[in-house]
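Visitor: Residues per chain are reported as follows:
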Amino acid sequence: MFKKIFLLFFISFILINCSDSEDDIVDDNKNSISYDRSKMLIHWADKIIIPAHTAFKETLANLDNSTKAFVASPNQTNLDDLRSKWLVSYKSWQHIEMFDIGKAEEIYFKSKMNVYPIDKIWLDNNIEKGSYDLENPNNYSSQGYPALDYMLYGIGLDDMSILNKYTKNANYINYLTALVNKMVSSTNTVINDWTNYRATFVSSTDNTATSSVNKLTNDFIYYYEKGLRANKVGIPAGVFSGAPLKVNVESYYKQDVSKELLLEAMDASIKFYNGTSYDGLSSGPSLKSYLTHLNSSKDGSSLSVLVATKLEAAKTQINSLSNNFVTQIESDNSKLLITYDAIQTVVVLLKVDMLQAFNVNVDYPDADGD
Amino acid sequence: MFLKILNTSIYFNKKSSSAPLAVFRIGFGLLMCYSIIRFWLKGWIETLYVQPEFHFSYYGFDWVKPLDNYTYLLFLICGASAFLIAIGFKYRLSMFIFFLSFTYIELMDKTTYLNHYYFISILSFLMLFIPANATFSIDNLINGKVYQKVPKWTLDSLKVLLSIVYIYSGLAKINSDWLLKAMPLKIWLPSKFDLPLIGENLMQLEWVHYAMSWGGMFYDLFIPFLLLYKRTRLFGFFLVVFFHMFTKVLFPIGMFPYIMIIGSLIFFESKFHIKILKFLKKIILSISGTNNLFNDSKFKLIDIYKIKKEKLVISIVSLFFIIQFLFPLRNLLYPGELFWNEQGYRFSWRVMLIEKKGYSVFKIVDQEKGTFFYVNNEDFLTPFQEKQMSFQPDFILEYAHYLGDSYSLQGYENIQVFVDSYVALNGRLSQRYIDEKIDLYKEKESFKHKKWILPLNDEIKDL
Chain H
1 MFKKIFLLFF ISFILINCSD SEDDIVDDNK NSISYDRSKM LIHWADKIII
51 PAHTAFKETL ANLDNSTKAF VASPNQTNLD DLRSKWLVSY KSWQHIEMFD
101 IGKAEEIYFK SKMNVYPIDK IWLDNNIEKG SYDLENPNNY SSQGYPALDY
151 MLYGIGLDDM SILNKYTKNA NYINYLTALV NKMVSSTNTV INDWTNYRAT
201 FVSSTDNTAT SSVNKLTNDF IYYYEKGLRA NKVGIPAGVF SGAPLKVNVE
251 SYYKQDVSKE LLLEAMDASI KFYNGTSYDG LSSGPSLKSY LTHLNSSKDG
301 SSLSVLVATK LEAAKTQINS LSNNFVTQIE SDNSKLLITY DAIQTVVVLL
351 KVDMLQAFNV NVDYPDADGD
Chain C
1 MFLKILNTSI YFNKKSSSAP LAVFRIGFGL LMCYSIIRFW LKGWIETLYV
51 QPEFHFSYYG FDWVKPLDNY TYLLFLICGA SAFLIAIGFK YRLSMFIFFL
101 SFTYIELMDK TTYLNHYYFI SILSFLMLFI PANATFSIDN LINGKVYQKV
151 PKWTLDSLKV LLSIVYIYSG LAKINSDWLL KAMPLKIWLP SKFDLPLIGE
201 NLMQLEWVHY AMSWGGMFYD LFIPFLLLYK RTRLFGFFLV VFFHMFTKVL
251 FPIGMFPYIM IIGSLIFFES KFHIKILKFL KKIILSISGT NNLFNDSKFK
301 LIDIYKIKKE KLVISIVSLF FIIQFLFPLR NLLYPGELFW NEQGYRFSWR
351 VMLIEKKGYS VFKIVDQEKG TFFYVNNEDF LTPFQEKQMS FQPDFILEYA
401 HYLGDSYSLQ GYENIQVFVD SYVALNGRLS QRYIDEKIDL YKEKESFKHK
451 KWILPLNDEI KDL
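Each protein sequence line maps, in turn, to chains H and C. Residue numbers 1 to 370, in the working numbering, belong to the letters of the first sequence in order. Residue numbers 1 to 463, in the working numbering, belong to the letters of the second sequence in order.
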């Protein structure tokens with residue numbers, strides 16, 4: 001009897017150790033009844049992430065060229081051109097920020113591109129000193145699109161005085177150039193890495209805190225909750241502070257494009273959720289279809305459709321806002337608060353319902369369960 | 001009546017070999033010692049107890065808090081006493097220290113509550129009254145006495161406790177979510193798609209979810225009986241090993257499977273345990289190289305271990321079991337859905353029954369000015385604490401008070417604390433969880449029903 005039991009122990013431990021190890025004995029020609037995550041990852045990489053980055057890189061190249069032209073001759077025409085290229089590129093950026101994965105995460109890409117409000121004192125000091133380290137986290141709020149917003153709209157009361165700064169003080173020219181150069185080089189680092197990273201990305205299909213599906217799902221939710229909901233709407237509307245904070249509006253100095261940027265970010269989120277390709281021409285496996293797949297074996301209402309509907313409802317709410325969030329706050333902040341609530345509805349659906357359905361391993365410092 | 005009393009007194013006079021208790025003690029001590037070391041090495045003392053600035057307390061135990069860096073000392077004491085239990089050195093004292101230190105650790109923060117931690121606490125309390133050092137212990141060497149037999153009830157009490165755990169957790173599985181919807185296994189199993197061999201196929205099949213739900217229920221209900229009867233014992237033990245190892249593969253349940261497997265050895269006959277002790281003896285001898293250690297002439301062989309003040313001890317143990325029988329049923333005193341309200345959910349062997357996710361954000365309102373702002377939970381809680389807080393009413397209330405106190409200290413006045421809370425249970429769509437119009441800062445924690453929990457828009461049928 002004792003021997004039998006000992007043997008039983010032995011066998012079961014071997015079994016456990018086998019299943020603990022990560023050898024992939026799974027046959028390749030399986031007729032998978034589980035959701036095909038690798039197809040979803042390939043779609044995300046090839047139809048959404050990489051095209052979005054490629055398009056973004058182009059807008060940044062245009063911004064770079066216009067910067068060079070402006071630096072060569074800082075006049076009104078070149079300023080107008082530079083400003084328009086800045087806006088196009090800023091809008092394109094809204095499709096990139098959520099992909100905080102791989103190299104982007106490693107080099108703090110989004111912190112270098114879009115931290116606002118800017119630290120005006122620090123930034124002015126940078127210009128004046130003429131020496132700065134843009135890698136330093138203290139400088140995250142003195143670079144990227146918000147810093148350009150300031151450099152193109154905020155350093156003078158009117159265009160005349162802005163142009164004067166550039167013609168009279170080489171430091172402004174230098175800082176502008178440095179900012180754009182930094183943005184270009186960071187972007188190149190991220191995009192170049194995707195050529196190698198793509199293979200790693202699409203092959204990581206398991207259910208761990210660091211696997212691609214879980215990580216990007218978490219990134220998406222994090223972006224929607226923090227980058228979009230809190231930064232663009234909640235914080236300026238005073239949801240977290242008791243009183244509105246106008247200076248926290250995205251593109252505070254240009255002002256009248258705050259809604260445009262938010263709409264762009266909302267569109268990017270909707271497209272990602274629905275699995276719409278970056279060019280908008282095709283669609284593929286997505287969070288939505290994954291949810292539909294899981295829901296198919298479950299009774300009750302269809303969560304996948306509900307999320308899509310609520311996202312559209314939030315977008316409609318955004319459309320009712322004024323183009324300029326600073327004036328929106330001044331005239332009727334409650335509209336921003338209502339918009340915040342509409343966006344928030346989806347946060348609950350994503351974080352509670354969707355994550356429950358996926359049973360995603362979230363990046364908690366793990367503890368045992370029972 | 002007299003016959004009954006006669007019967008019970010006959011029962012309490014029955015004897016049994018002391019070997020099973022010794023094996024149980026050694027297994028318990030070593031597993032606990034390993035658990036503590038494992039906990040330490042994973043860095044959980046730091047992340048769960050030292051780092052967080054706020055800890056969720058059990059009602060009435062808010063004086064039990066982590067001791068900063070001395071928390072490590074506490075774990076050291078706990079682990080060391082577990083080792084002393086294993087070798088049977090000053091058994092009663094070591095057990096007492098283990099019980100206190102382990103229970104203290106569990107009371108420090110209810111975020112980490114696990115049924116099996118509670119099981120360890122009450123088991124170590126029970127073991128205080130059981131002569132598990134009667135044989136094969138250092139205490140034998142110290143006292144020069146070895147006891148061959150112990151009162152049978154001491155052995156049986158361990159079996160009863162294990163049976164309570166199994167049967168109550170089996171009864172808890174008799175509910176419509178578990179049996180008729182295969183929830184939450186229907187959520188959990190498909191997400192194990194990355195398991196080798198079974199992940200992409202078996203785990204995805206609906207009938208497997210149902211089979212495992214029903215199988216789990218029958219397993220829990222009947223395993224104590226299978227282990228009790230000699231003819232089914234080996235089969236029962238095979239099931240124990242299979243069941244716990246399978247759940248170990250599926251879920252992050254730490255040490256629990258090993259505890260249950262080693263624990264169920266107690267059901268085997270003494271012959272089996274004597275063999276284990278002989279085997280251990282051989283190993284120890286081959287390591288130490290001396291034959292002196294177990295030289296029988298050193299010991300006085302005593303037939304039966306007499307428990308001091310046995311009547312008192314039996315009364316305490318009986319009371320303990322009455323409480324163990326009744327305590328898991330206390331949810332009956334509360335209205336509403338147990339899985340939703342979680343009033344009387346803990347300490348009642350409801351294991352793996354619910355998949356619950358919540359989202360709770362708190363609104364701090366200045367009552368006079370009418371201004372408000374939302375709290376960023378990350379400023380106060382660890383992600384793990386936030387996760388646990390977001391769907392448990394007592395956590396939500398305690399945290400609301402902590403927020404109220406914190407902001408009052410910061411100089412805010414006329415504070416009200418409201419919560420925007422949404423919870424999804426077992427695959428249902430999320431719904432509002434707490435009445436958003438209730439100022440939680442004014443609500444007091446108690447054992448009474450919390451009226452501000454909004455009812456679940458559905459019914460779960462159970463026993």
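Just so you know, these hints were derived from the structure itself, not from any lab. All residues carry an ideal CB built from backbone N, CA and C; glycine is no exception. Worth double-checking, as some hints may not be accurate.
Reference listing, derived: stretches of chain H covered by chain C, where coverage requires no fewer than 3 residues with Cβ under 8 angstroms from a Cβ of chain C [stated by the list, open to error]:
no., region
1, 196-207
2, 329-341
3, 348-355
Visitor: For the region 348-355 of chain H, do three or more residues have a beta carbon lying closer than 8 angstroms to a beta carbon of chain C?
Guide: holds (count 6)
Visitor: Can the region 196-207 of chain H be counted as covered by chain C under the rule of three residues or more with Cβ-Cβ separation shorter than 8 angstroms?
Guide: holds (count 3)
Visitor: Mind checking, does the region 329-341 of chain H have 3 or more residues with a CB under 8 angstroms from chain C?
Guide: Since three or more residues must qualify, the claim that chain C covers the region 329-341 of chain H is violated, with 0 doing so at under 8 angstroms.
Violated hint: 2 only; the structure is consistent with all others.
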